[in-house]
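J.: Residues per chain are reported as follows:
Number of protein chains: 2
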Amino acid sequence: MRAVAIRTDENEPAVIEKPRPDPAEGEALVRTLRVGVDGTDREVIAGGHGGPPEGDDHLVLGHEAVGIVEDTNGTALAEGDVVVPTVRRPPNGTNAYFERGEADMAPEGEYVERGIAGDHGFAAEYFTSPEEFLVPIPEDQADLGFLIEPISITEKAVQHAFAARSAFTWEPESALVLGNGCLGLVTLAMCDHVYGFERTYCLGRRDRPDPTIDLIESLGATYVDSRETPVLAVPSVHEPMDFVYEATGYAPHAFQTIEALAPNGVGALLGVPSSWEFEVDGGALHEEFVLQNKALVGSVNSGVTHFEAASDSLASLPDGFLSDLVTGIYGLDEIEAAFASDDTTIKTALEFST
Amino acid sequence: MRAVAIRTDENEPAVIEKPRPDPAEGEALVRTLRVGVDGTDREVIAGGHGGPPEGDDHLVLGHEAVGIVEDTNGTALAEGDVVVPTVRRPPNGTNAYFERGEADMAPEGEYVERGIAGDHGFAAEYFTSPEEFLVPIPEDQADLGFLIEPISITEKAVQHAFAARSAFTWEPESALVLGNGCLGLVTLAMCDHVYGFERTYCLGRRDRPDPTIDLIESLGATYVDSRETPVLAVPSVHEPMDFVYEATGYAPHAFQTIEALAPNGVGALLGVPSSWEFEVDGGALHEEFVLQNKALVGSVNSGVTHFEAASDSLASLPDGFLSDLVTGIYGLDEIEAAFASDDTTIKTALEFST
Numbered sequence: 001m002r003a004v005a006i007r008t009d010e011n012e013p014a015v016i017e018k019p020r021p022d023p024a025e026g027e028a029l030v031r032t033l034r035v036g037v038d039g040t041d042r043e044v045i046a047g048g049h050g051g052p053p054e055g056d057d058h059l060v061l062g063h064e065a066v067g068i069v070e071d072t073n074g075t076a077l078a079e080g081d082v083v084v085p086t087v088r089r090p091p092n093g094t095n096a097y098f099e100r101g102e103a104d105m106a107p108e109g110e111y112v113e114r115g116i117a118g119d120h121g122f123a124a125e126y127f128t129s130p131e132e133f134l135v136p137i138p139e140d141q142a143d144l145g146f147l148i149e150p151i152s153i154t155e156k157a158v159q160h161a162f163a164a165r166s167a168f169t170w171e172p173e174s175a176l177v178l179g180n181g182c183l184g185l186v187t188l189a190m191c192d193h194v195y196g197f198e199r200t201y202c203l204g205r206r207d208r209p210d211p212t213i214d215l216i217e218s219l220g221a222t223y224v225d226s227r228e229t230p231v232l233a234v235p236s237v238h239e240p241m242d243f244v245y246e247a248t249g250y251a252p253h254a255f256q257t258i259e260a261l262a263p264n265g266v267g268a269l270l271g272v273p274s275s276w277e278f279e280v281d282g283g284a285l286h287e288e289f290v291l292q293n294k295a296l297v298g299s300v301n302s303g304v305t306h307f308e309a310a311s312d313s314l315a316s317l318p319d320g321f322l323s324d325l326v327t328g329i330y331g332l333d334e335i336e337a338a339f340a341s342d343d344t345t346i347k348t349a350l351e352f353s354t
Numbered sequence: 355m356r357a358v359a360i361r362t363d364e365n366e367p368a369v370i371e372k373p374r375p376d377p378a379e380g381e382a383l384v385r386t387l388r389v390g391v392d393g394t395d396r397e398v399i400a401g402g403h404g405g406p407p408e409g410d411d412h413l414v415l416g417h418e419a420v421g422i423v424e425d426t427n428g429t430a431l432a433e434g435d436v437v438v439p440t441v442r443r444p445p446n447g448t449n450a451y452f453e454r455g456e457a458d459m460a461p462e463g464e465y466v467e468r469g470i471a472g473d474h475g476f477a478a479e480y481f482t483s484p485e486e487f488l489v490p491i492p493e494d495q496a497d498l499g500f501l502i503e504p505i506s507i508t509e510k511a512v513q514h515a516f517a518a519r520s521a522f523t524w525e526p527e528s529a530l531v532l533g534n535g536c537l538g539l540v541t542l543a544m545c546d547h548v549y550g551f552e553r554t555y556c557l558g559r560r561d562r563p564d565p566t567i568d569l570i571e572s573l574g575a576t577y578v579d580s581r582e583t584p585v586l587a588v589p590s591v592h593e594p595m596d597f598v599y600e601a602t603g604y605a606p607h608a609f610q611t612i613e614a615l616a617p618n619g620v621g622a623l624l625g626v627p628s629s630w631e632f633e634v635d636g637g638a639l640h641e642e643f644v645l646q647n648k649a650l651v652g653s654v655n656s657g658v659t660h661f662e663a664a665s666d667s668l669a670s671l672p673d674g675f676l677s678d679l680v681t682g683i684y685g686l687d688e689i690e691a692a693f694a695s696d697d698t699t700i701k702t703a704l705e706f707s708t
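For the record, the sequence lines run as chains A and B. So in our numbering, spot 1 of the first sequence is number 1, and the numbers just go up one at a time. So in our numbering, spot 219 of the second sequence is number 573, and the numbers just go up one at a time.
So here's chain A without its partners, still in its complex pose (with noise of 0.2 angstroms):
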């Protein structure tokens, strides 16, 4: 079967052969529709992030998928079921973050992630998977399906932080999204459709026109020019945030999202950074924190439950917005496209089948 993969001596990904893989005892095999890209890959890629499993020489790409199952093998599932695999598996055997469901809690070295570290992804024609990580989903989603890993971890980092915010009676209106990447479009989406803020905002650094401040705006949010408008001043331009989503990945934006909380507000960082000093009024943040009570709270990959409320966020989304998001379907004569990234690419697909 052809597949997607990253050699280790290359530094652009492309289409393999290997062999079908033949589903273990507890695993169904899976016809791949189509599988998401995202910054990750393109990480992985730049091997500035994962790699393959130990001995490979490649890394089979590909963590944001959606399929079929073909041969139930023995499990629950039936043929035919549309499914999602979650990322995270055990290393070796099993371990007690996966036996209670909680894979993504699990800390380094007690997991391996398909597509990105230590184990292959999902972007080859067929793959296999023990049944605990195929989430079966409505057959209409069979063709946005690859939306819901992204949307899990959405739907992760907001019930932490929520939870952060569980010990009063907190009732916040007002929500802010750092970036404009597929994952901040999809989280502003579900912050006006599915967790009910009355305001919304989406910060990004573009020239109108563009696709993507079409999309916010489409959503009735208010698109934020951090060049204009700097995360430190825009309570006061707009106001203070009781919720702030970080999916830029740019370190100062962590420590700003501090001063853009409202009293009592909420940020949840999901950028990945790397090693950056820079200055920061540490006394002044630290006592903002504390006299109003904010929280910060910091989250990685998503589980079983989160794919099923994604699911169902994704049946939530306007269809319009969907169609929007999604700027390309790719075959496996086109990768090439399918992993590049310009101003008018928001989210793109590899299709395997259909």
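Bear in mind the hints are in silico, worked out from the structure with no lab data behind them. Given the structure is predicted, the values throughout are model-derived calculations rather than measurements. Careful, some of the hints might be misleading.
Here are the in silico distance ranges between beta carbons for each label pair [to be verified]: (1) B:Thr583 <-> A:Asp56: 52 to 62 angstroms; (2) A:Glu279 <-> B:Ser590: 23 to 33 angstroms; (3) A:Pro318 <-> B:Gly409: 49 to 59 angstroms; (4) A:Ser323 <-> B:Gly402: 49 to 59 angstroms.
Glycine residues also receive a C-beta, built at the ideal position from the N, C-alpha and C atoms.
Starting from the structure of chain A, add chain B where the hints point.
T.: For chain B alone, coordinates are given in the frame of chain A:
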């Protein structure tokens, strides 16, 4: 009656004469037993925080009080009830935060603080308070009831911190308290005797012999000398911490807390530093925060439910610990000693009656 106050043009507290207050409707008259002294009092005295009610030239000090109901004035309290007053009051009538019993979550402008900012405190022979802000406690806590306010500060911070970990299975074992003042030591004892941590640590910067180090070790906790083992070195020298409680007000600790935490850990920030710019490796902190699902919660003040929990916690703390913690009870002829602070002072209180 006599009261201990700070005059706006002076920098030492003094005993002054004030008329004994008459309880208004809904208020009880309380005869004060003891009033604890803490770092906030010293900041107020030094002019660094808070101030008198508008138009007054002095502020009656004291926000950690215990007293006996002398005149129920038609409230549901009984004469002789031992009570502890909460600190915040609504500035004008009431507001939503007070109405739902969450004054501790009120933003600036929506509260005054008795003995701290905008309202006279409890360091007087008598005080009045609306019934709803008087928390009855067992009679045998009359002597140490002045510790209930500081304990309640920890109850709230821990409630919020643990709430931030409520979206997954969190079984914390290790706790690090930053700061060996009264609040730090009481929190350390609560980590051992109330919250059930298996291994506890307390960070200070004192040489032996020292009464706080003795207290730390009497609890079975480990003393961490920050001059030998800075916060950043705690994970390698001791272990990464599931819970960090910051009670130093030393701004770099707020950021170092992130690195001292174990994966999935939470830090509670309590200290109130002032503006202070310094360099942080913001990128590394941000990454650590996200990839290891960490959380930080700022917390200030506390409400009636936290005072109630604090009374229960006080009952759980070892008698020997409490008697060593309280290093002095002073009459009104010794107020200089009551407000003094040196390496032999841990917790002091003023005694108004017995």
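J.: Hints the structure violates: just list their numbers, smallest first.
T.: 1
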